[in-house]
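Engineer: Here is what each chain is made of, one letter per residue.
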Amino acid sequence: MTRIDDNPAGGRSAVTVRGLVKHYGETKALDGVDLDVREGTVMGVLGPNGAGKTTLVRILSTLITPDAGQATVAGYDVVRQPRQLRRTIGLTGQYASVDEKLPGWENLYLIGRLLDLSRKDARARADELLERFSLTEAARRPAGTYSGGMRRRLDLAASMIGRPAVLYLDEPTTGLDPRTRNEVWDEVKAMVGEGVTVLLTTQYMEEAEQLASELTVVDRGKVIAKGGIEELKARVGGRTLRVRPVDPLELRPLAGMLDELGLTGLAATTVDTATGTLLVPILSDEQLTAVVGAVTARGVTVSSITTELPSLDEVFLSLTGHRASAPQDTAPADDRQEVAV
Amino acid sequence: MSSATLSPAATKTDTPIPLRSHLRHTGALIRRNLLWIRQDPESMFDAILFPVVFTLLFVYVFGGSIGQSLGGGQDRYVQYVIPGLLAMMGMNMAQGVGTGFNQDFNSGVMDRFRSLPIGRGSVLFAKIAVEMMRMLFASAVLLVVALLVGYDVHSWSGLLASVALSAVFGSALMWVFLTLGVMMKSAQSVQAMGFLVLMPLQFGSSIFAPTASMPGWLQAFTDYNPLSSLADSARALMEGGTDAHALWVTLIWSVALTAVMAPVAVHKFRTKS
Chain A
1 MTRIDDNPAG
11 GRSAVTVRGL
21 VKHYGETKAL
31 DGVDLDVREG
41 TVMGVLGPNG
51 AGKTTLVRIL
61 STLITPDAGQ
71 ATVAGYDVVR
81 QPRQLRRTIG
91 LTGQYASVDE
101 KLPGWENLYL
111 IGRLLDLSRK
121 DARARADELL
131 ERFSLTEAAR
141 RPAGTYSGGM
151 RRRLDLAASM
161 IGRPAVLYLD
171 EPTTGLDPRT
181 RNEVWDEVKA
191 MVGEGVTVLL
201 TTQYMEEAEQ
211 LASELTVVDR
221 GKVIAKGGIE
231 ELKARVGGRT
241 LRVRPVDPLE
251 LRPLAGMLDE
261 LGLTGLAATT
271 VDTATGTLLV
281 PILSDEQLTA
291 VVGAVTARGV
301 TVSSITTELP
311 SLDEVFLSLT
321 GHRASAPQDT
331 APADDRQEVA
341 V
Chain B
1 MSSATLSPAA
11 TKTDTPIPLR
21 SHLRHTGALI
31 RRNLLWIRQD
41 PESMFDAILF
51 PVVFTLLFVY
61 VFGGSIGQSL
71 GGGQDRYVQY
81 VIPGLLAMMG
91 MNMAQGVGTG
101 FNQDFNSGVM
111 DRFRSLPIGR
121 GSVLFAKIAV
131 EMMRMLFASA
141 VLLVVALLVG
151 YDVHSWSGLL
161 ASVALSAVFG
171 SALMWVFLTL
181 GVMMKSAQSV
191 QAMGFLVLMP
201 LQFGSSIFAP
211 TASMPGWLQA
221 FTDYNPLSSL
231 ADSARALMEG
241 GTDAHALWVT
251 LIWSVALTAV
261 MAPVAVHKFR
271 TKS
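In order, the protein sequence lines correspond to chains A and B.
Here the first sequence stands for residues 1 to 341, numbered as in the UniProt record's numbering.
Here the second sequence stands for residues 1 to 273, numbered as in the UniProt record's numbering.
In short, the hints are calculated from the structure, not lab data.
All residues carry an ideal CB built from backbone N, CA and C; glycine is no exception.
Please note that the accuracy of each hint is not assured.
Stated by the list, open to error - Label pairs and their computed distance ranges (CB to CB):
#1 Met44/B / Thr145/A: 33 to 43 Å
#2 Arg83/A / Ser186/B: 22 to 32 Å
#3 Asp127/A / Trp248/B: 49 to 59 Å
#4 Ser189/B / Arg163/A: 52 to 62 Å
#5 Arg83/A / Asp46/B: 35 to 45 Å
#6 Asp127/A / Glu42/B: 53 to 63 Å
#7 Phe45/B / Asp177/A: 33 to 43 Å
#8 Gly32/A / Trp36/B: 55 to 65 Å
#9 Asp46/B / Thr136/A: 29 to 39 Å
#10 Ser213/B / Gly25/A: 50 to 60 Å
Please work from the sequences and hints to get the whole structure.
Structural biologist: And the structure:
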């Protein structure tokens, strides 16, 4: 097997995607996506519903074929060598794909057998993974009776049976409560520690920051930004300072002033008229102090000032100048197979 | 669908799956489908209720009057209808295969299977194998009920041959239902579709009543209805003889259905996004 190319960022590519295109009728779910995931790293693919994240994962898992472009995983082509490719991947879908009628143990044993493990090995692997994901107690209960977090853990366990080189986590914590989400994050971190290459799709900046080392931001089937987390965060503003003047008429003059003074981070200040706030990307505490000073010097009364990590929405605002595509527009089309086939 | 980089001819470079692995995968999936039944015994209700309800309904509600037209009474009708019911057991179980399959697709389990290095036919074969077991079970139930309502077994070997024929025809129809299961959006619509297709075919045949008294246009239909041939073959076999014509027609239909629909089902399954 030959690897298509070396990753520009150095290190060998576990996943290489070039010019990937997938249409669903008129909708372009993927419109020329390029992606490189280096071995042993976690690549976060960040984007709103309908951005094409799930379509990308489905192509890379050989569930659907691309209309154009090329993709290899561990050196295997998604179209020409699907069987070899399937041996090297683990998939955890957005909708936990465990068999609800089967007990947890049986789910894992089944996958082990389907991966050509001997009966003995499949049994041992099922026991081992249940233990590892703290599911031993629930081993004999149907997965349908599990809590949300347990099901995700079972799903993770199922994707680990074949000791995959590349693991796809498609929105692993969507719909989970914060505590369970942290549990899943811990499990993912532990797996990454073992050297698995991970492709993570998510809608949450926070999740990407927790798990990923590099980030690719997608919107409407296109990559709109890529780079290291820190780099991207700096680009969109390491933090966002949210300033709410009492008088909304002050919003635009304030934004203009801050930009003029060059006080903001790399991106421009944006005005969020919906909430009547000014979003000021900042890179340092000094900058924060300077901004507050400038606002005070102008004599504007402010009802609140908060700092926050940029949300996905803000990432989009600063990268594209528009808000993330409204979920209701395209969400089901990408994320589930409601699209006509 | 095509581009310079995706040439279908290159698919051959992929490694084939050895037969041993195919058998292992199919076996593991059969185990899964059997565990479903253990987990959800209600899924066997149709296999028990169908033979019981249909036998009692037809024998006691219509048996007397149809029996008269056969030149006897209810006893005569029992001998007539039981082979028909036995023959259609395979096709009735075939309906269920589509709905179960559809549920797998909608639950995301199928995505997991399809992302594993298994032959995609294994999933289909395992489903068919388990439906066959259900069909044998339903046939056994039918036989018990038949004996209770006074069916007189004339030929045990003919009876076994009829069960086999029913299984052959049923498995051919399963490919049709598997295709529907892959293509349709919900399990309910698969069920409704199956009902709508099978119902007129079943009643417009010689399964439940002799066709002689039917109007000419309907007879024209029943004569070509493969279910008539199926029922007639089973009837002849169970009486200890053979209806060579009906038997051939049934077998040809089975082979033809399989030859056409099995590749369609596998293809639809493979390309389902």
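Engineer: Tell me if the beta carbons of Gly32/A and Trp36/B are separated by a distance inside 55 to 65 Å.
Structural biologist: Given a distance of about 43 Å, which is not inside 55 to 65 Å, the answer is violated.
Engineer: State, for the Cβ atoms of Arg83/A and Ser186/B, whether the hinted interval 22 to 32 Å holds or is violated.
Structural biologist: Since the Cβ atoms of Arg83/A and Ser186/B sit about 31 Å apart, the hinted range of 22 to 32 Å holds.
Engineer: Go ahead and decide if the range 52 to 62 Å is satisfied by the Cβ distance of Ser189/B to Arg163/A.
Structural biologist: violated, 40 Å
Engineer: Quick one: are Asp127/A and Trp248/B within 49 to 59 Å, going by C-beta?
Structural biologist: Holds - the Cβ-Cβ distance for Asp127/A and Trp248/B, about 54 Å, lies within 49 to 59 Å.
Engineer: Evaluate the given range 35 to 45 Å for the C-beta pair formed by Arg83/A and Asp46/B.
Structural biologist: holds, 37 Å
Engineer: With respect to the beta-carbon atoms only, verify the hint that Asp127/A and Glu42/B lie 53 to 63 Å apart.
Structural biologist: Violated: the Cβ-Cβ distance is about 31 Å, outside 53 to 63 Å.
Engineer: Could you tell me whether the CB distance from Asp46/B to Thr136/A stays inside 29 to 39 Å?
Structural biologist: holds, 36 Å
Engineer: Using the beta carbons of Met44/B and Thr145/A, state whether their distance is inside 33 to 43 Å or not.
Structural biologist: Check failed, 21 Å falls outside 33 to 43 Å.
Engineer: Does the Cβ-Cβ separation between Ser213/B and Gly25/A fall within 50 to 60 Å?
Structural biologist: holds, 52 Å
Engineer: Is the distance from the Cβ of Phe45/B to the Cβ of Asp177/A consistent with 33 to 43 Å?
Structural biologist: Since Phe45/B and Asp177/A have Cβ atoms about 37 Å apart, the given range 33 to 43 Å holds.
Violated hints, listed in ascending order, are 1, 4, 6, 8; each of the other numbered hints is respected by the structure.
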